[in-house]
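Asks: Given only the sequences and the hints, what does the whole structure look like? Please build it.
There are 2 protein chains.
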Amino acid sequence: MTTHAISPTRAEDYPEWYQQIIKAAELAEVSAVRGCMVIRPWGYGIWEGIQRDLDRRFKETGHQNAYFPLFIPLSFLQKEAEHVEGFAKECAVVTHHRLELKDGKLVPAGELEEPLIVRPTSETIIGESFARWVESYRDLPILINQWANVVRWEMRTRLFLRTTEFLWQEGHTAHANEAEAMDETYKMLDVYAASLEEVMAIPVIKGEKTAGERFPGAVRTFCVEAMMQDRKALQAGTSHYLGQNFAKSSGIKFLNEKSEIEHAYTTSWGVSTRLIGGVIMTHSDDDGLRVPPRIAPHHIAILPVVPKDETKGAVFEYAEKIASALSHSSYGGEPLRVHIDKRDMRGGDKAWSWIKKGVPVRLEAGPRDIDSESVVMLRRDKGVKEKEIVKLADLSTRIPIVLKEIQDNYLTQAKTLLTANTIDYIKNFDDLKAYLTPKNEEKPEIHGGFILAKWSGDKDSDAPLADLKATIRCIPFEQRETEGKCIFTGKKATMDIVIAKSY
Amino acid sequence: MTTHAISPTRAEDYPEWYQQIIKAAELAEVSAVRGCMVIRPWGYGIWEGIQRDLDRRFKETGHQNAYFPLFIPLSFLQKEAEHVEGFAKECAVVTHHRLELKDGKLVPAGELEEPLIVRPTSETIIGESFARWVESYRDLPILINQWANVVRWEMRTRLFLRTTEFLWQEGHTAHANEAEAMDETYKMLDVYAASLEEVMAIPVIKGEKTAGERFPGAVRTFCVEAMMQDRKALQAGTSHYLGQNFAKSSGIKFLNEKSEIEHAYTTSWGVSTRLIGGVIMTHSDDDGLRVPPRIAPHHIAILPVVPKDETKGAVFEYAEKIASALSHSSYGGEPLRVHIDKRDMRGGDKAWSWIKKGVPVRLEAGPRDIDSESVVMLRRDKGVKEKEIVKLADLSTRIPIVLKEIQDNYLTQAKTLLTANTIDYIKNFDDLKAYLTPKNEEKPEIHGGFILAKWSGDKDSDAPLADLKATIRCIPFEQRETEGKCIFTGKKATMDIVIAKSY
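First to last, the protein sequences are chains C and L.
The first sequence begins at 675 in our numbering and counts up by one.
The second sequence begins at 675 in our numbering and counts up by one.
Just so you know, the hints here were simulated from the structure itself, not pulled from any lab data.
No experiment lies behind these values; they were computed from the predicted model shown.
Any given hint could turn out to be false.
Since copy identity is lost for identical chains, a pair holds within one copy or between any two.
[Stated by the list, open to error] Keeping only pairs whose Cα atoms sit at most 30 Å apart, straight-line, the calculated DSSO-like set for lysine-lysine is:
(1) Lys1078 / Lys733
(2) Lys932 / Lys1016
(3) Lys779 / Lys753
Replies: And the structure:
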């Protein structure tokens, strides 16, 4: 029997496996502040990789970064509260601006005239600026992105997937007409899908949310949905067409080409550190994390093998030689990220620390490798002991090829999982129920996966899904234009939908 | 008489000139939230340039980025309050975690058992993680940096220089002994000085703060001080050696090589969006901002000159040709950042918008330039109408040279200002007073500048500076080892100090 580095394994206890992966790979930890996480360097490095790719794509599509206040005056939300029912009320409220020592104890003082909310999202505060920036159609479009922290007071939290504070980007744009705003909404969903597939190696289904799942205040909400290894869906990103709703409450008005005053058409779109949770649950195995090379903080860990202390100098020198052999190579348009691990610890422990962190390639080199001018290469997409000897002279050309193979393998595996666990399609509710019901009561996470079905679109007809803890994830863009039977009502229906349990 | 784009000019009203530069260059604006600013794309682009350079230097010196919670439990600060007198008490206090609708009005609800503070700096919350991460000397050093927003409730705010919320980076490190921690403290001050001089073109004086100016809880505080055009000092960055003080209150303990339990030796160091204020006040003139090329969001603005509508297509096409001629050139190790301004506005207004924004190079091209296969180049370091005709074929080699010249010119000018307005040195307090007293009462900002003097080091002997609104900025690293007379006490003294008014 094979033993694994992560206990429990995925099959034994998926939710606990997830927590153990995060711990073993040193990605993040629970902090002393309720619901807030500490993102450790390896986890933050993955976020930097995701940021680099998205930021480049945002700029290539004409967006500029800017920064808006952390705080939102209560009165701004009051405006929303009047016409947005689903208004998010769980948030951090700042009521004082000073601490005073009273009998040796610090207490809040200096009560604010108007409480401030720590932003849960920034439509209102950004809208206030847009209203100042826009006068005529010539000032449009405004294409802004913000990288920021946001706070939503969550009762039950889970590292990366749902935390009180998280990091994200929020795009906010204003346009002169509906067509341009809709183009933007679709375009940014495509940007997310491309980054997820090409860089995070996560295949996604693009689609539209049903009315009940829309962002409060949005006219239309679009999403990319990914399948995790427990076959649950993860909403990986959303893009909203807000119509004139937010422009009206924020007063974003402009003089159109006909010299009439009109409200702008706005969009917003975002992804967050939740994507790191998606990377973990898509690619990791029972030995730890596997990071797709495109977003790996290091592509390569060089592990000097030092059997005797007197060889240490020569081996460390050789390790530097290996690193410099790679210094002019690149992968995915970026220079190779190479790390030499000089820590003083047992070779086996050191190798396993990198397996658990999921570094794509390990290069081991000891005294014998110096003589043969070669290195021992181990890939995270292969067996932990599967070695390939590479000549130092070939390394700079071999490594980029290997990284590409690893990236491609991860994507292929994820695509296979998605296809194998999507049922196409279920025609009646009993079959759906059976598909979503775990075969083993003790392992509720093991069930069928995604379901393709037909829907009549009738309001609340999907209510029976609640008992199964499933939802309509989206109305996929890929529609077959065939006629069938609505899974809920039995009526004739042409619309295809995707149903799944989700995070 | 020459007219200028910015009114008032520096000589007329320096503080108001500063505000007008920010407005004209579209760098930032006051938000609806008291004391918080909106950083507009051009201002944020400059911050991204500063970040890129610093982040590279941090990583080259072995640091890793991570992210810690925005909130700090009140009890964490209570620990500090007990032994840190100068404790910063002006901060945002979160007391509730919900909003409820009461009679149609949103009101705070869900009172927290323990109030949370929005981080003014993160020593305590990061220390809590360090305490978990460190067990033995083998776990040290820990070299962490965080890019984050922080909040300090300021009564009087000024865009970039002093705002309630600002963006910064905070380095936090833990070491096994004092020597290594001190090395780190000096090293990061050097990193700041190098980035300021080489990239922001801001010459600085490196030195140590006096006991009275130390960061609360620090054993030693070091700083880089820059001279603004009104001859006031701007503290551009600080680096603190914290000894074992913070390790003791956070419980960062480790087993040293002698197997004894010891508290770690920590450092912290930071720079903020205040640096953008420094860039403005160092380089701008009466026509607007001048951005050093190394941190310019665009190096080059291409301005198509379209005298008649029917030439538009050809001119725009030529503009693209110019951009692609530059697409393989680089400056400062980065690809050229080129922007084609296709806005529909008067040529003069368009040119002035870029002069005010301080883009290093403008390239104008109209129908005649297409025929001659050339462009008209205008540089922000020269007169607004000083033109140079450059052949398209020469552009890719000419531009990097020009950018380097502009960068160098800005640094030279800033160095000249610093040297010309530093008096070396003043021996008695009356001369110091005269030097710091404005010649014209209506323009209190026009005074002498920096003063080099001798100091005996006696506690509180520098108190008379308070009346002049001046301080000892630092004890510069460059000490002459000569003997003189203390400017305050008249005693024999060898220590050189720098005195100035400051932001």
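Asks: All the hints need checking, so say for each whether the structure fits it.
Replies: Hints, one by one, checked against the model:
For the homomeric pair Lys1078 and Lys733, the shortest alpha-carbon distances inside one copy (25 Å) and between copies (25 Å) are both at most 30 Å. In this assembly of identical chains, the alpha carbons of Lys932 and Lys1016 lie at most 30 Å apart only when taken from different copies (22 Å versus 69 Å within one copy). For the homomeric pair Lys779 and Lys753, the shortest alpha-carbon distance between copies (10 Å) is at most 30 Å, but the shortest distance inside one copy (38 Å) is not.
Taken one by one, the earlier hints all hold for this structure without exception.
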